[in-house]
Each structure stands twice: as structure tokens, then as C-alpha cells.
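Keeping their order, the protein sequence lines are chains A and B.
In terms of the numbering used here, the first sequence has 36 at position 36, counting the first letter as 1, and numbering is strictly consecutive.
Here the numbering used here = 1-based position in the second sequence + 1000.
Treat the hints as calculated values from the structure; they're not laboratory data.
You can trust all of the hints, since none of them are fake.
Simulated pairs of lysine-lysine, DSSO-like, Cα-Cα distance not exceeding 27 Å:
id : chain 1 : residue 1 : chain 2 : residue 2
1  : B       : Lys-1046  : A       : Lys-89
2  : A       : Lys-433   : B       : Lys-1054
3  : B       : Lys-1054  : A       : Lys-429
4  : B       : Lys-1162  : A       : Lys-259
5  : B       : Lys-1046  : A       : Lys-438
6  : A       : Lys-138   : A       : Lys-386
One side only, chain B facing chain A, incomplete, derived with CB under 8 Å:
id : residue
7  : Gly-1057
8  : Gly-1058
9  : Tyr-1060
10 : His-1064
11 : Asn-1151
12 : Gln-1169
13 : Gly-1170
14 : Phe-1174
15 : Gly-1262
16 : Gly-1281
Note that the coordinates shown come from a computational prediction; the quantities given were computed from them, not determined experimentally.
Glycine residues also receive a C-beta, built at the ideal position from the N, C-alpha and C atoms.
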Amino acid sequence: MKRTLAGAVGMAATVTLALSGCSSSSSSSSKGGGVLSTDGKGKTITVWLQSDAQKGWPDVVNQATARFQKETGAKVKVEWQQWSNYTTKLDSTFSGHTGIPDVVELGNTQTASYIAAGAFADLSKAKSKFENSGSWLKGLAESGTSPDGKLMAVPYYAGSRVVIYRKDLWDKAGVTAVPKTLDELYADLDKVKAANSGDAAFSPFYMPGKYWYGAMSFVYGAGGTIATHSGGTWKGALESSAAQKGLADWAKLATQYSKGGATKDEADQDNVMAQGHVAAILGNGWELGVVTDPKSGNPKLAPALSTFPMPGTSADQYTPSFLGGSDLAVPDKSSNRGLGAEWIKIFTDTTSQKALAKFAIPNATNLLPVYEQQAQANQSTGEAAKNTWFVPNTPNWANVEAGNVLQNALESIATGKSSTMDAAKAADKELDKILNAKA
Amino acid sequence: MAVVTSQLPRPARPSRRPRAGRGLPYLLVLPAVVVLAVVAAWPVAKIVTLAFQKQEGGKYALFHNGGSTSFAGFANFTNVLQDSTFWSVVLRTVLFTAICVGASLAVGLGVALLLNRVSPWARVVLIGSLMFAWAVPSTVSTQVFYWLFSNQYGVVNYLLDKLPGVSMQGHDWFADPHQGLSVVILVVVWGAVPLLAISLHAGITQIPREVVEAAYCDGAAPVQVFRHVLLPYLRPLLAVLTTLSVIWDFGVFNQIWFMRNGHPEPGYQTIGIYMYANGIGSSHYNLGATIAILMMIGLLTVVIVYVRQLLTIGDEA
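Just chain B, same shape as in the assembly (with noise of 0.2 Å):
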């Protein structure tokens, strides 16, 4: 980012205005700041007080002190932490995550080289179509995909048919979690695509021309132009889209819950998921905040080194 920046023309400064007082600018960022409480901080707050507050079976307390149950410590976390269930959920959403993140990259970053080298009305064409699918709501890309790896009707069954040797006549894509994991994956790649290719394509349109054809002209071949040259230069554009991709996948939802019709199994339970069906679904809502709260730090610890890289590469800049 800081490189593409770097290439504009700054903006010209502000003429000077006369002083109004000292406590102005507080005041100016003072509904931001208000926005930012309510709609942030203090939803943050109430999920770390129930976190800490002792889960009942029941819904009396729910119902009868506004949800306030005695401070219980860490016995919530304590709890989570010992389920073995959480544990594989963890390693789930790990893998699934990264599986993610890696392919809408790579398929991304693939289109993205495309887009610059193709004719201008093939690129438009690309474009739409990619805008297209990036405004599909993944309500509907989910249900989509769901007819398509239908196991009597969808149209992945009868074309994988037609190969020869192959039979997939009335094969359920979601007997096994590993494929039906799969299969949400393709949907998820397929959302997450048309961002990523947009911003690489600009991304990539901001190199200088000279510098590329300068590496050609020293007999570098294309994939070392794209190691040494493009590469570099796309650094931090990566760094932050891989960065967004990690929290959006980490936290994916609609695609598995709709994939499974509101009734994912276990072998589909990423944190996401888990922590709404221990959650909110079975009404043991101090269970669900203390899952949401080690969701939230283990996705920090991740994103915190992309972070500092990035901050890195804006020092350099």
C-alpha cells in the first residue's frame, strides 16, 4: 500500500486557520468516539463480564436478574479449555482456515497476472463477471453450490459421471465432513476471489513498466520476474489482504451453517460454528462469550505478526 501511495502527488497542506481553542479537535472526534463505545467497547465489555460470570443450566437467571449470575473466575475457561471437542474444533479451523486463505490467494493473485495481460474488453468481461459474483450474498452462493453437489440432481454428480471409470451416481458429497468441508471451501474461495484479484490486478498496475522490462532485458525469465520483481513490490498489498482473509475465514459462518441446513454435524464444526451451537443455541450464553473471548485472542495472536510486519514495511516506505 505504502508503495502505491508513495506515487501520487501529496495532497497540497491546509492553510492555517486561527486557533479555536485547545479542546476543539477532542470535541470533533467526540461521536466517533461515542459510535465506537456503543457499538464496540460496550458489547466487548458485557461478553467479557458474562465470560466470567458462572454458567447456569438453566434460563432462571436469564430471565429474572438480567442475565447477572455470581463471578465464577476463570471456571468457564477452565471448562472450554479441558472439552477435547474444543480442541479438534480449534485444529479444524485452523487447517480449514488456512486452506482457505492459501487457495483464495493463490487463485486471486492467478487471475490478478491474467487480468494484465489480457485485452482491454477481455478485462472488462473479467471484471463484471467478477463483480458479479462478489456481490452474490453468501446466503445465496451457499444454496447455489448446495443444488450444484446435489447428490441426485446437482450437476457435479452428473458431470464427474460422464469420465470414464468414474461412477458418482447418487454420491453424497456430505456423508464425509472432509468433503463436505471441501465443498464449503470452493464456495468460500469463490467469494473471496473478486476482492482479492481486483486489488492485485491494481495492485500490480502501479509497478513501474521500466522496472519489469528492465529484468527482462537482463535475461531474467517470467518466473523469475515474478519471484524477484512483481513479488516484492506486491508485499505489502499481500500482507494486508492475507491479514483480512485470515480474520474473514476465521470466522466463517453462513457457509457452513446454510451448507448444512442449519444442523452442521460435528465432524463441520469450526470455532464459529461451535461456539454458536454451545452458545447461543443451547441458551448458555456465559459458555458461548468465554468461547468467543479465546476465539477473539487466538485470532490476535495470529493477526499481531502480519500487523507488525505491516507497520514494518510502512517505516521502510
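Chain A with its partners taken away, still in its complex shape (with noise of 0.2 Å):
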């Protein structure tokens, strides 16, 4: 019996695990949260940042440490993060009231949730004193402001995708000029196909199944959107004729010029392209550098590697990119969150940003051209940051991405298991239910 007993806690420990962190003291005072302070002799701040920035410009992390560590005496503690199951352990830690980082990084599809549920300082007062505060990239910028319009979370960054393809194999099929619209995009990879007919695992356009900011790129390019809002309920809309046409235009590319990648997300893309058999993909441009990479991808393949903005249903217009991204916040319940908000400072001022803006899109509009000027890459990344989407802004969206609402109906399309209406239907009835739950 015992033995039972002790396997089904052992299964519930999943459950404790995340669970453990919560206490029942009461809740934090609202100290005018907000004040940058530069008092911090003898303290130390920790910052959890994602290991994006470890891998990328962990150089950009140490010049904004080391200019913070001189201007108020504080020592900076930077812990790396993972951003899997990370709002989990944003959850366990926010509930306790020890080991509470006085920095923190979030998926700006991530903040409204915590924004609503009161986890973050207010940093509203301080806003003039960031820099480029006035030209912040507006994806960014809003889903750190509150809906009342409190800054709670500075933009930090950002990434735009782009299609990433083999020039080489393009020239080999006789393909020259970048494609102006998606007709001739969809004439191009025909040409493509032909040219390698013989490789039955050739994949003209590698598109994964569930690679749900590509499918709702062209949602949104051919005018549709994931939800309306009004009269404080949302609706799904993925129905609507608009999004149907961008839904088709999506599964065009997912089920006739991709192979292999029906039930796959776009996690390992750019390792599939390395294999070889992958003449383009849609991709942050940072990617190209993975595609490359002399241990896990192909460097062969880097002289032939370019990049074009998705182009839209007209010449004029792009397909709209999603435009993905990190906040950078202080924690209510922080201890020093005067300095946390300094080291923000810092980190996200030009001096930082122009840095920054070698390996990813800086976070504002007046910075762009340097990050253009780094790379071919970056033109089109740069280009495409300038037409953009963004999630249904509300605190719910977090349980749409957590239920893989998009990412199933996406799937049941590319495995040829549901009409894209049908798809639809079912996802946009679940967008109901969860964007409208009560908070």
C-alpha cells in the first residue's frame, strides 16, 4: 500500500513541482514603484535574461553591466534562462516572496498576462529618461504598456522573419529575380520543383505544419486577422473570407511545395535545411547564421544563402511579418527595483542598442539603419520589420499559445485532415472560449 501510495505522489510531483514555490503570507507593498535609482553600493541585482542573449551578444550584456556597476556601485548577477516552460517558473517565483529578480525578460506575447496580474513595477514616470522611448517599435512598445496605459515592461529587441532560400539552386532553375508578389512566388517554386523532381524528399518551401507566425502572416496579409474585439467580447475570425485566403495561400505552401514537415513546428527548420534538400524557408535572419553553423548546420551552404521579405498579395505590400520580440521588466515584489529599472536603462540605451543591433533588430525605429547596414540579411529583416502583426493583445492570448490552439488546426490542414474551414471553425470556437474567460 505504501508502495502505491508512494507512486502516485511521485506522479503528482509534476503538479508540486511548479506548485512548491507558492506561499501564503501576504501580498507585496506598492513602494512608488518606477524611480531609477542609482544607490547601490554594497547591493547586488539579479537579472534573468534569456540565452539568446548568452549565445548572441553576451558582450552587449557585459558593457551595460560593467558602465551600471561604475555609475552606482551595485554588482549585477545575470542568470541565464530557457524559454521553455519558463512562465511556469515566472509563476512559481512571482507567488513566493523569496529569490525574486529584480530584472526580467519576457516574450512580448508573454506580458499582458503579468501585466494584468500585477506582477510588474510601474515604470511610467521614469519613461522620459529611457532613450529612443519616443521611437520604440510599436509592436514592442504596446505589449508592454498596460491597457490604462502604464509602461510595465521596455522593449528590448526584436526579430522579423523573411524567406531565407538556396540562390544557387533558384539560379540553377532558372529563377533570377526575387519574387514581387505570391503568384510569382508560387511560379518560382514550380520552376524550383521541375529542377529537382528526381529528390523525392526535395522540399521547394519547407513550411512545418505547425509554424503558426508564418501561417498568420498570411492571415493577416491577405486582410484577415486571429480575432476582433468589440463590445468586450472577442471573436475568432478565422472564418472570415479574408483569413480563408490567407489560410489557403499558407496551406499551398505547407501541403504542394513542402515535404516532411506536416506535424513538425518550426523548431529544427534550419537543420532541416542544412540536410540539403530545403530550397527556401521563412525565418528570423538570424537563422542564416544556424542554417551555417560549422557544428550543427552546413557552412557550405553560407555563400549561397540569401534573403527576401515574404512578398504579398500585391506588389505593393509584403506579407505582413510577425513581429516576435523580448520586454525587459522589474518584478513588483523586487527588492531593488530602483536599480533593476537603471540597469534597464542602460541596457536599452543607444549606446547598448547600436550594439545590439549586429545580431538582432534594435528597439527602435531610429536604430534601424544600422542594424540594415550589418547585413544583406538585415535589409530584408529591417524591411520586413517595417509591416508587421501582433497577437490579440489581451491577458488570455498566453492560453491560446499554451493550448496549441493555432498550432492543431494548422496541423490538421497541412496533414490534409481538415478543410481550412473546417480547421477554422474548430479553432476560432476555441478562441472564443479562452480569450473571453474571465480574468
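Take each chain as given, in its own frame, and dock them per the hints.
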């Protein structure tokens, strides 16, 4: 009997692990948040950054920290985080009172639910002191602002997606000009496909079935949207004729020009491309480096890779790109909120962001030229960053992602199990339920 | 198990020591009790509390009241039990568990019988390989099986395609959850067989040889010997192993989670996955705790039957 109990308890351990951070003491006081502080003698602040920075731009972090230490006398402890299960970690940390970091990085689709839950300090009073705050990228700035207009999170960096393609394969197929419309793209892909018909595993355009950032771009490009908001009620809008057109555009890529990815997401698309049987993918600019990585990728492809923004339904407009990115916030329960805000101020100022622009899209439009000068791919992604879309800005959105609502719908289209309409109906029903849940 | 131990010589009784007060045994057992209370009782108490507290939509209460919300009676339970998805998940989990347990016991017993027949060097090689398989973490074995069944470069499709009349070029094993779960079952069974085979092999070696020989002398066919001699001896061991297997396979998580790259489709949701997706993954910790309790109750009811059987066997011996 004891053995049985132990087993059952073991199974429940998954739950308790996340819950063990919960304590039942009273809530935090609200000392005037958002005031910058430079008085840090003998103090240490803890900063949670995603490991993207550790791998991509550690020097940018180091120079900001060095300047911060010189100015305030406080030490900085950077703790590197992973995206997977990150919200679970944030939940258990914020529900407790110890081990609270002074700065956290969040994905811009994650901020809304934490802002609504009062997890962050209000930085509104200090907004004018943050450099370039007048020209912050719109998508990032909105994701860091509460519904009543308070600044709760500061834009950090962004990413936009473009077509990464094998120029050598396209040239060989007789395609030398970059397509200006989706129809031209399909025609070009037909040629690439025909030129490689001997390769059974060949994808003229690899488009994984769960790639919802990709698919929704076409929905927005066709004039559709994921969900509409009116009179306080959200309504899933994938059944609309515009959204259906967009889904059909995407499905064409996923079913006619893509092989082998119907039940996968985009996580390993760079490795798939590195295998050599893929002529194009839709990816972030930095993914070029992953495809050609000497360890996990194929460096020989480097000279053959090039990029262009995903063309749209007409020649005068690109298919909008999802504006992914990160924000930085000061947890309300942090004991060094002023110092945390000061570190963010330094890490997002012009000096830091110009250094960051070598690796990612900086947080303000006036810094985009710096980014675009770095590489050919940056011109495409910088161009794509000018026409972007963003998810419905509601605290409940995080649960749409956690529930894989769009991914499941798209996979059923890519595997041919559902029509775009049937998949959209099922997804809209879920969207209505999740987005309108009472907070 | 009882049969096995009854073969061993009983250890000599420890010599009597002078009495050190009646409290001493309790004192000695105290550390263990404290550890159990911290690692088992407290989390369980916390889960039970959570399950009876109101599930808020947002995280405000979580961050500002230490996760405590007002008590809501059985509201969470009614919510979960009225959800038709929950019941289809339960049905899927029961079938999944039954197939996994049945298959791993059958294969384990087969390998154990084989171990008993082969020459010593072959036995060493076999047990060695089993140990290696056992040492592989489930995350790794799942990834390896995922690659084996990869639709474009997987060796399984490649080999099946070689068969005359079979075309498996580009076949996606994970498009249909039934096929996908079959692959998961394969990984689970693969991981379970080593322990079962080695335990059952040990059990078989404990069966007195003369009993088996007597059966053969009486003209029993091998199948009859297996059914009427070997199986009765192995019954207590089989009961223990079945109980453990049910517990393990009912809560299978890693193999499904990693086979679907952290995004299991609805058709792949067994109860563990469902609990994670609807509880922790969506920050709905109260609902998650409720599902966890229902899971425990369900498992206890099933396993209690086996445990009772185990106890009666113990009494007989």
C-alpha cells in the first residue's frame, strides 16, 4: 500500500514542483515604483535574461553591466534562462517572496498576462529617461504597456521573419529575380520543384505544419485577423473570407511545396535546410547563422544563402511579418526596483542598442539603419520589420499559445485531415472560449 | 516474492539489548517521518487544498495572495468531470496503460524464459544489453525512436519501403495519433522490458528444478509446464510487477511529451499530459491539482485490487 501511495505521489510531483513556490503570506506593499535609483553600494541585483543573449551578444550585456556598476556601485548577477516552461518558472517565483529577480526578460506575447496580474513595477514616471522611448518599435512598446497606458515593460529587441533561400538552386532552376507577389513566388517554386523532381525528399519551400507565426502572416496579409474585439467580447475570426484566403495561401506552401514537416513546428527548420533538400524557409534573420553553423549546420551553404521579404498578394505590399521580440520588466516584488530599472535603462540605451543591432533588430525605429547596414539579411528583415502584425493583446492570449490552438488547427490542414474552413471553425470555437475567459 | 524469500535461511535473531526507554523507537523513526511529511504529505495536502479553491482566470491571486483563493467546494471537480474531453482522455489513458502493461509483461516474460534456456555466455550478453537499454533515459530513447520513425530520413520507413508492394516513402507516423501512440508504446515497452525480464528471470531461477522435472516425467507438454508449474510460482512476482507497471504506464509523460516536441495534439493526450496542459501549462493550478487528485483516486482504485491480491499471497506463504 505504501508503495502505491508513493507511486501516486510521485506522479503528482509534477504538479507540486511548480506549486512548491507558493506561500501564503500577505501581498507586497506598493512602494512608489518606477523611480530610477543609482544608490547601489554593497548591493547586488539579479537579472534574468534568456540564453539568446548568452549565445548571441554576451558582450552587449557585459558593457551595460560594467557601466551600471561604475555608476551605481552595485553588482550584477545575470542568470540565464530557457524559453521552455519559462512561464511556469515565473509563476512560481512571483507567487513567493524570496529569490525574486530585479529584472526579467519576457517574450512580447507573454507580457499581457503578467501586466494584468500586477506582477511588474510601474515605470511610467521614468519613461522619458529611457533613450529613444519616443521611437520604440510599436509592437514591442504596445506589448509592454498596460490597458490603462502605464509603462510596465521596456522594449529590448525584436525579430522579423523573411524568406531564406538557396540562391544556387533557384539560379539552376532559371529563377534569377526575387518574386514580387505571392503568385510569382508560387510560379518560381514550381520551376524549382521541376528542376529537382529527381529528389523525393525535396522541398522547394519547407513550411512546417505547426508554424503558426508563418501561417498567421498570410492571414494578416490577406486582410484577415486572428480574432476581433468589440463590445468587450473577443471573437475568433479565422472563418472570415479574408482569413480563409490567407490560410489557403499558407496551405499551398505547406502541402504543395513542402515535404516532411506536416506534423512538426519550425524549431528544427534550420537543421532541415542544412541537410540540403530544402530550397527556402521562412525564418528570422539570425537563422542564416544556424543553417550554416559549423557544428549543427552546413557551412558550405553560406555563399548560396540569401533573403528577401515574403511577398504579398500584390506587388506594393509584403506579407506582414510577426513581430516577435522581448521586453524587460522590473518585478513588483523585487527589493531593488530602482536599481533594476536603472540597469534596464542602460541596457536599452543607444550605446547598448547600437551594439545589439549587429545581432538583432534594435528596439527603436531610429536605430534600424544601424541594423540594416550590418548584412544583406538585415536589409530584408529590417524591411519586414516595417510591416508587422501582433497577436490579440489580452492577458488570455498566453493560454491560446499554451493550448496549441492554432498549431493543432494548422497541423490538421497540413496533414490534409481538415479543410481550412473546418480547422478554422474548430479554432474559432476555442478562441472564443479562451479569449473571453474571466480574469 | 514470498516464495523466493522462504527459500533463504532466516537470519539469526539479534541478541536482546537492555531497554532504553519506550520512546526510543519513536525517536529513531522520527527522521524518516519528518522526511516523508516534507516530501510527500505536505505537497499532497497542498494539492488537496488547491483542488478545493476557486480557479481564477488570471494570475493576480497567485502573485498577491500566495496562490490562495476562496474555497469553492467541489466546483473544480464538477468542471473537470463534466468536460467530455476529460472522459475521452481517461479512456485513452486506460487503453494505453493496458496495452503497455500487457505488452511489456509478455515481452519481459518471453525474454526471461529465453534467458533461462540459453548458454551462459549468451545470457551474459543478453543481460548486458538489457542493462544498457535500462540505463538510457526516457528522453534520449524517445528522441532515438523519433528519429527511427522520421518520415523522411527514418530507417523504419526505409526498411518497410524495401518490402515488395509496400510504399512508405514520406509516410508520417505522427499524423494519425493512433499510429503515433503506437510508436510511443514501443518506446515505453522498450524501456520497461529490461527490469521485467531480469526480475522474472531471477524468479524463474528460484523455482525448484525437481518440480519442473517431475512435471515433465509425468508427461506434461512444455506449454502445460509453463501454465501449471512456472506461472503459479511466478504469480506473486507477476502481481508486484503488474502493479508497478500500471503505476508507471498510467503516468507516462516524457515519452509522449518529447515525441511531440512539447506540443502534444489532442489525440495524444493521456491523463498526465492533459493535467500538465490544462493545469501547469495554462497557469490553471487549481484545475491541475483537481485532475491530479482524480488521477490518484483512479490509480488507487485499480491498484488496490492488485495490492490486496499481494497481501493474501503473503498470508498463504
